[in-house]
Amino acid sequence: MKNLKLTRRLAMLAGAVALTIGSAAQAADTIKVGVLHSLSGTMAISETTLKDTVLMLIDEQNKKGGLLGKKLEAVVVDPASNWPLFAEKAEQLLVKDKVSVVFGCWTSVSRKSVLPVFEKNNGLLFYPVQYEGEESSKNVFYTGAAPNQQAIPAVDYLMKDLGVKRWVLAGTDYVYPRTTNKILEAYLKSKGVADADIMINYTPFGHSDWQSIVADIKKFGSAGKKTAVVSTINGDANVPFYKELGNQKISAEDIPVVAFSVGEEELSGLDTKPLVGHLAAWNYFMSVKSPLNTEWIKKWQAYTKNPKRTFNDPMEAHVIGFQMWVKAVEKAKTTDVSKVTDAMIGLETPNLTGGVAKMLPNHHLTKPVLIGEVRADGQFDTVWKTTGLVPGDAWSDFLPGSKDIEADWVTLKCGNYNTKTKQCSGQNYK
Amino acid sequence: MQRYAWLAVLLLASLLIGARVYAQASAAAPDDAFATAVTGLAADNFPDKAAAVTALIELKHPGGRAVLAALLDGKLYFRNADQQVFITDGGETSLALTDPLTQKSVGSGTPDDYTRITTNNSLRKTLRSAVASFALTDPDPGVRLDAVREMLRSLDDDSVALLRSRLEQEKDAGVRKAMQEGLALADLDSSEADTRLAAVDALEDSLSPDVYNRLTAMVTAAEDGSFPEADERVRTRAREVISAIDASRQVYATLETLFFGLSLGSVLVLAAIGLAITFGVMGVINMAHGELMMLGAYTTYVVQQAMPNHIGLSIFISIPLAFLVSACVGMLIERGVVRFLYGRPLETLLATFGVSLILQQVVRDLFSANNRPVETPEWMAGSLQINEALSITYNRLYVILFMVVVFVILQMVLQKTSLGLKVRAVAQNRNMARAMGVRTQWVDAMTFGLGSGIAGVAGVALSQLTNVGPNLGQQYIIDSFMVVVFGGVGNLWGTLIGGMSLGVVNKVLEPWAGAVLAKILVLVALILFIQRRPRGLFPQKGRAAES
Numbered sequence: 001m002k003n004l005k006l007t008r009r010l011a012m013l014a015g016a017v018a019l020t021i022g023s024a025a026q027a028a029d030t031i032k033v034g035v036l037h038s039l040s041g042t043m044a045i046s047e048t049t050l051k052d053t054v055l056m057l058i059d060e061q062n063k064k065g066g067l068l069g070k071k072l073e074a075v076v077v078d079p080a081s082n083w084p085l086f087a088e089k090a091e092q093l094l095v096k097d098k099v100s101v102v103f104g105c106w107t108s109v110s111r112k113s114v115l116p117v118f119e120k121n122n123g124l125l126f127y128p129v130q131y132e133g134e135e136s137s138k139n140v141f142y143t144g145a146a147p148n149q150q151a152i153p154a155v156d157y158l159m160k161d162l163g164v165k166r167w168v169l170a171g172t173d174y175v176y177p178r179t180t181n182k183i184l185e186a187y188l189k190s191k192g193v194a195d196a197d198i199m200i201n202y203t204p205f206g207h208s209d210w211q212s213i214v215a216d217i218k219k220f221g222s223a224g225k226k227t228a229v230v231s232t233i234n235g236d237a238n239v240p241f242y243k244e245l246g247n248q249k250i251s252a253e254d255i256p257v258v259a260f261s262v263g264e265e266e267l268s269g270l271d272t273k274p275l276v277g278h279l280a281a282w283n284y285f286m287s288v289k290s291p292l293n294t295e296w297i298k299k300w301q302a303y304t305k306n307p308k309r310t311f312n313d314p315m316e317a318h319v320i321g322f323q324m325w326v327k328a329v330e331k332a333k334t335t336d337v338s339k340v341t342d343a344m345i346g347l348e349t350p351n352l353t354g355g356v357a358k359m360l361p362n363h364h365l366t367k368p369v370l371i372g373e374v375r376a377d378g379q380f381d382t383v384w385k386t387t388g389l390v391p392g393d394a395w396s397d398f399l400p401g402s403k404d405i406e407a408d409w410v411t412l413k414c415g416n417y418n419t420k421t422k423q424c425s426g427q428n429y430k
Numbered sequence: 001m002q003r004y005a006w007l008a009v010l011l012l013a014s015l016l017i018g019a020r021v022y023a024q025a026s027a028a029a030p031d032d033a034f035a036t037a038v039t040g041l042a043a044d045n046f047p048d049k050a051a052a053v054t055a056l057i058e059l060k061h062p063g064g065r066a067v068l069a070a071l072l073d074g075k076l077y078f079r080n081a082d083q084q085v086f087i088t089d090g091g092e093t094s095l096a097l098t099d100p101l102t103q104k105s106v107g108s109g110t111p112d113d114y115t116r117i118t119t120n121n122s123l124r125k126t127l128r129s130a131v132a133s134f135a136l137t138d139p140d141p142g143v144r145l146d147a148v149r150e151m152l153r154s155l156d157d158d159s160v161a162l163l164r165s166r167l168e169q170e171k172d173a174g175v176r177k178a179m180q181e182g183l184a185l186a187d188l189d190s191s192e193a194d195t196r197l198a199a200v201d202a203l204e205d206s207l208s209p210d211v212y213n214r215l216t217a218m219v220t221a222a223e224d225g226s227f228p229e230a231d232e233r234v235r236t237r238a239r240e241v242i243s244a245i246d247a248s249r250q251v252y253a254t255l256e257t258l259f260f261g262l263s264l265g266s267v268l269v270l271a272a273i274g275l276a277i278t279f280g281v282m283g284v285i286n287m288a289h290g291e292l293m294m295l296g297a298y299t300t301y302v303v304q305q306a307m308p309n310h311i312g313l314s315i316f317i318s319i320p321l322a323f324l325v326s327a328c329v330g331m332l333i334e335r336g337v338v339r340f341l342y343g344r345p346l347e348t349l350l351a352t353f354g355v356s357l358i359l360q361q362v363v364r365d366l367f368s369a370n371n372r373p374v375e376t377p378e379w380m381a382g383s384l385q386i387n388e389a390l391s392i393t394y395n396r397l398y399v400i401l402f403m404v405v406v407f408v409i410l411q412m413v414l415q416k417t418s419l420g421l422k423v424r425a426v427a428q429n430r431n432m433a434r435a436m437g438v439r440t441q442w443v444d445a446m447t448f449g450l451g452s453g454i455a456g457v458a459g460v461a462l463s464q465l466t467n468v469g470p471n472l473g474q475q476y477i478i479d480s481f482m483v484v485v486f487g488g489v490g491n492l493w494g495t496l497i498g499g500m501s502l503g504v505v506n507k508v509l510e511p512w513a514g515a516v517l518a519k520i521l522v523l524v525a526l527i528l529f530i531q532r533r534p535r536g537l538f539p540q541k542g543r544a545a546e547s
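Sequence lines, in order, name chains B and E. The first sequence: position 111 = 111 (the working numbering), numbered continuously. The second sequence: position 268 = 268 (the working numbering), numbered continuously.
Any given hint could be a false lead.
What the hints assert, rightly or not - Beta-carbon label-pair distances, calculated as ranges: (1) B:Thr-419 <-> E:Gln-305: 16 to 22 angstroms; (2) E:Gln-305 <-> B:Asp-377: 15 to 21 angstroms; (3) E:Lys-60 <-> B:Pro-307: 42 to 48 angstroms; (4) B:Asp-377 <-> E:Gln-361: 54 to 60 angstroms; (5) E:Thr-220 <-> B:Pro-391: 53 to 59 angstroms; (6) B:Gly-354 <-> E:Arg-239: 53 to 59 angstroms; (7) B:Gly-354 <-> E:Gln-385: 32 to 38 angstroms; (8) E:Met-412 <-> B:Ala-302: 57 to 63 angstroms; (9) E:Gln-361 <-> B:Leu-412: 46 to 52 angstroms; (10) B:Lys-219 <-> E:Arg-65: 48 to 54 angstroms; (11) B:Pro-307 <-> E:Ser-94: 18 to 24 angstroms; (12) B:Pro-307 <-> E:Glu-347: 30 to 36 angstroms; (13) E:Ile-358 <-> B:Ala-302: 34 to 40 angstroms.
Everything labelled a hint here was simulated from the structure, so no lab data went into it. For every residue, glycine included, the Cβ atom is placed at its ideal position computed from N, Cα and C.
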């Protein structure tokens, strides 16, 4: 009996040693790629697909023979839509797993929570979602849209093409909508829109009783001037909101709603009848016809073994970000973060919808801006497109506090440089 | 002389030929112009498409209506190879093609070879108005009324002339009224002061925002002190009409707020009424109550998946099924957990909270963490238009009615059945009831099942109003406890009045305080109220209240 126990212990020890050696050996010939997306909780609906996208990209790169002669290895963690846990998991990825790069985060709260971790440990993060700007970190590449690549062009479209005179800025009550609406309000006022023609409304996460707010919007819109709603409503609160619009017979022709957080993936989970004709502003639509886009959609549907799977804007951002990182590593001939970061600037990768994404010194991309109308099948019809590409601007030109601030990691080597006082106040703001 | 004669003949002949060619050309011109306009619809930018649509409307070609209607419905396609436009019908595998010029079928094609001609909002608005002008002759007065309303949204000289000509033939009073309103609006631009005065008179009863805005614009002074409306009499009359409209709009706005409040209240009552039984009557703090509602909502989803072609019917089938599912799960919770913890509220709270997490995870594993789309039947979408200033959404209306029905049935069960008698007896004095031969354990299980079943039924209603996901229950559990505590523990009427008044107060506050602040204010007011009257609105009286 005693003997048996001893043998078992010995066997376990041997196993453990073998495992350690094995993993050490593996670590030597693989490059680790961290994936930091929520796989459970409220954000799982959006973030799970992004994890799968990164896995697909890694899989594909490995089929091509890997990178620098090594295979790529994914390290997937689940921060569970829990913002402090994001920081913990990021620390684990950087310190324990020693990953070369991390693809991750969706909400701005989660990004803000991992930011100090990445800066302390000199990690590298690719953040794929449209956000409120006012940030540029040396350790982060922002492959989603800055406000001037989504919100501002959308408002321009409404103002010029649809002749909108009255504005409802409706959002969920947290940092992204509040900052975006602050920028939009300043922008509208700079265009001569009066205070009385702007209505701002915030609702809690998951708000479901939209009756009075929609009735208010209806009243606000019946003043004889063309009215539009700019929606930064996030998550599943959108469903009852659009339902209520439909029930109160507010059609997209009377009061169009342009949304910044509603994409193909979100639409695939709901009844799209009440949404037809409403607008969304993105840098990518699955319905855009281009050979490259068709190719990626086919790859994705083959990878997920589902011919109906949707492809969306943040996924495109990951595709572009991943390809750029691969190029940067090949250029720098190492995965060392500082060298890769330097190699990143100026790299170019084609956008799936046409044009070329270029990494700018402020760690943002150049992107086309598309406005689409929701179709009955949950896809978008592109109704407007910028003629060229819009370079991402980290610090908004319309906010008094950030007008004079520049981000430039090549000449200024600073993410928050005040052009008036000629001072650099650290990597990011607040 | 002969030479001249030849010349004359030649000249005549050429003239004749020319004239014939010309005659042919003029006969063919509308068709050609129509064909050009139709081809123009296949343009790749919206300004060109809009120009083609305008041309089509102006041509008044007999084929125009079908083309415009097809464009509006997304049934107009062009062939990728030669840009030829077809009206199509059919699904994903093949398209039946119709030539827009001849209105004849020209075979079929595969969707890959054709591209749908897209529209945008402003184009659809034009199209709707144009198609509506055709619908003015529809035999159904409802269609005609919609058509007139549609035309009123964008009036121009053409549509005014059309309305004027149709007015004489119109028999239906409602349609006539709408037409007259449109014509009166147009008459406000007349150069005759008397016509304008008559138009203002005619608009007296109108509640439409267009009329209000128009009249207000007439009497608003410009910067130099002059008015857009020159005549003093018309201005005075317009001001009277505006204040009359203001007064009645105020009344309707109040009614609307009241309705919003009642509908929010009825959702609260539905969510809380099951709890009023388990918490109010039995004294069990059931934190899994919200999850029992969630189960009801998921039952609705499953039933809809099972019968995708009968969405309306599925709701009615879901109601008893949801009751059964939630009641069974409720009884399992009671038999498995709660019955060991009677008289230990803190442990019950923790245990049922644990159960709620288990139920959430089970649903997450079975259905995925994503929300499930529950379809709304046709008869629950849209709104009941009472007049221009007041419309009531059907889904909310049905929820209020549903709540009343559930409440009445529950009261009947508690007051008129032997189960109800036993439930009340056990609630009042457990030992005495047991002494009288009531199987209190069995009654406990049944009561818990009844309360849970009602939660399931509430879930069916919630599936029509909000997202069906694993977290559905959590959103309502706090509100439910709030209503029960406010209304007075152990009193169904208290729950009804409590829920309704919380709903109305919330909706009255919301317009000026905002959704977030309104909720906070209600909560603070409730805390203060409980401080003053710890037993709620309708406290239980007598000996039971002492225990």
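Outcome of the hint check:
1. B:Thr-419 <-> E:Gln-305: 16 to 22 angstroms: violated (59 angstroms)
2. E:Gln-305 <-> B:Asp-377: 15 to 21 angstroms: At 20 angstroms between Cβs, range holds.
3. E:Lys-60 <-> B:Pro-307: 42 to 48 angstroms: Roughly 46 angstroms apart at Cβ, these two residues keep to the hinted range, so it holds.
4. B:Asp-377 <-> E:Gln-361: 54 to 60 angstroms: Because 33 angstroms falls outside the window, the suggested range is violated.
5. E:Thr-220 <-> B:Pro-391: 53 to 59 angstroms: Taking Cβ atoms as reference, E:Thr-220 and B:Pro-391 lie about 45 angstroms apart, which means the hint is violated.
6. B:Gly-354 <-> E:Arg-239: 53 to 59 angstroms: Since B:Gly-354 and E:Arg-239 have Cβ atoms about 57 angstroms apart, the given range 53 to 59 angstroms holds.
7. B:Gly-354 <-> E:Gln-385: 32 to 38 angstroms: violated (45 angstroms)
8. E:Met-412 <-> B:Ala-302: 57 to 63 angstroms: holds (59 angstroms)
9. E:Gln-361 <-> B:Leu-412: 46 to 52 angstroms: holds (50 angstroms)
10. B:Lys-219 <-> E:Arg-65: 48 to 54 angstroms: Violated, since B:Lys-219 and E:Arg-65 (Cβ atoms, about 35 angstroms apart) do not stay within the stated range.
11. B:Pro-307 <-> E:Ser-94: 18 to 24 angstroms: holds (19 angstroms)
12. B:Pro-307 <-> E:Glu-347: 30 to 36 angstroms: With a Cβ separation near 52 angstroms, B:Pro-307 and E:Glu-347 fall outside 30 to 36 angstroms, so the hint is violated.
13. E:Ile-358 <-> B:Ala-302: 34 to 40 angstroms: holds (37 angstroms)
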